[in-house]
Amino acid sequence: MKDLRCKFLAVSSRFAGKEYREALEILEAPIPERVVIPDEGDLEQRQLEASLQLLKGKTYEAIDNRMLAAECYKKALRLDIHCYEAFEALVKHQMLSKEEEESLLNLLTMTLTISAEDNEFVRLLYETKVKKYDKPVLPEIPDGLNELRGNLDIATSMAEKCFYNCDYKQCFEITSVVLSKDPYHTDCLPVHISCLLELGKSNALFYLAHKLVDLFPDNAISWFAVGCYYFLVGKADSARRYLSKATVLDQVFGPAWLMYGHSFAVESEHDQAMAAYFKALQLMKGCHLPFLYIGLEYGLTNNTKLAERFFNQALAIAPNDPFVLHELGVVAFQNQEYANAKRFFENALGVLQTDSSAVLSQKWEPLLNNLGHTCRKLRKYNKALEYHQQALVLSPKNASTLSAIGFVHSLMCHWSEAVDYFHKALGLQRDDTFSTTMLSQVIEHLMNELPPYQGVPDVLPEYFSSESQKSSALDMDLTTSQTQEFEMEGNE
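According to UniProt numbering, the stretch in the sequence shown is residues 1 to 492, in order.
The set of hints was computed from the structure by calculation and includes no laboratory data. One should not assume that every hint holds.
To be verified - Restraint ranges, calculated between C-beta atoms of paired labels, are given here: (1) I443 / S97: 57 to 67 Å; (2) K305 / E85: 17 to 27 Å; (3) S12 / E173: 38 to 48 Å.
Said to hold, decoys possible - Within a straight-line C-alpha distance of at most 30 Å, the following computed DSSO-like cross-link-like pairs (lysine-lysine) qualify: (4) K305 / K363; (5) K245 / K18; (6) K235 / K201; (7) K18 / K285.
For every residue, glycine included, the Cβ atom is placed at its ideal position computed from N, Cα and C.
Based on the provided sequences and hints, a complete structural model is requested.
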């Protein structure tokens, strides 16, 4: 025991001094891994061994070897089920894939069934931290743990599930309550900042970022908030500068790397964006977002095969994410697999419309338009018009939507309606070559089918000149006079 304690003290001092190589040299002596639960007399030694594994994992993580770090954290949990720091490192830094997360939770559940009296508490605490992509349902809190009903950590886990299920309004309500009770809750702040970004609340984000920088200038979350604000207001260059500072302060802060990639992506700098997304992928193994954004960049560079591969990996992690379903629909549409595209688009729309009273955000206008394009390809013109009209409600001044409606009307031979919508599209975007070309063709069809004036017969009437009318009148007079002479002769 004394040797282990001295070893732990020596490694802790090296780690605190950032002498990571020297710390690993001390830790190289193998620690026997015991899978069988020991007697109560060995409990203290197992806890110390778990602490050494935890410290070893932190050391590996500090030198950017996350794979070995994750293995050390798992060993620490096997040795001591109550080593929450190891579990938090695995979950918070998203080191585990979905399958690894489930297997670890099963292992912990099996261990807890034969463990101490606080099984229910530990099980509840661990279960709320995993399965972030499941539907947000309030956990069943046992009667003996009623004090946890207002627990901020459990509320934060619920907010995170709402965020990953695209329920940003509910997520914002939960995080606002948490931060009103604890303004600097470290786990809640990244979720709250991301939610403010999604909802476009620039003023609230500016106030929060300013406050965090004043209080915690050496914390990555502060500069992450500043970068998110500048990204939201359209200043990608400034956002990139502050997000880069956040990644320097905390090199394993995955959300900062994602936003750093976004700052390049909005300016179509695909190589730099993908480099940042791949770095985020290394840090966030269990998150679907890096896979999604890498797939997007591959799609923008016309590499649909690789894009589809990354989208499928994202779908395996988050099977109900509407963004992933939408992008898979786009790939299927580009591959002319219109039935599959329609299925993906409708699944995405179904996820968003689970709450019938909820109103779709303007960001989902492309989804409705893509559904309209797909239905048009499948010759379901009435359904296509319906989806395009819904998209027009979300974004009334979208020239491409008006042009799409006009095109569907032209396919249905509704020439007058097609002309109206193409005129509206050109009124918003004069250099739209498609609308210009289609308008000229539709007008030709309209000229061929419509009469020149309503109520006027299509056949021209016969035309008589004034001289012919006079001669015909003279002939009539002569005929009449001859008839009269004939009658007079007869009478005589």
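Status of the hints after comparison with the structure:
{"no.": "1", "hint": "I443 / S97: 57 to 67 Å", "in the structure": "holds (58 Å)"}
{"no.": "2", "hint": "K305 / E85: 17 to 27 Å", "in the structure": "violated (42 Å)"}
{"no.": "3", "hint": "S12 / E173: 38 to 48 Å", "in the structure": "holds (42 Å)"}
{"no.": "4", "hint": "K305 / K363", "in the structure": "holds (26 Å)"}
{"no.": "5", "hint": "K245 / K18", "in the structure": "holds (20 Å)"}
{"no.": "6", "hint": "K235 / K201", "in the structure": "holds (15 Å)"}
{"no.": "7", "hint": "K18 / K285", "in the structure": "holds (25 Å)"}
Hint 2 from the list above is the single one not met by this structure.
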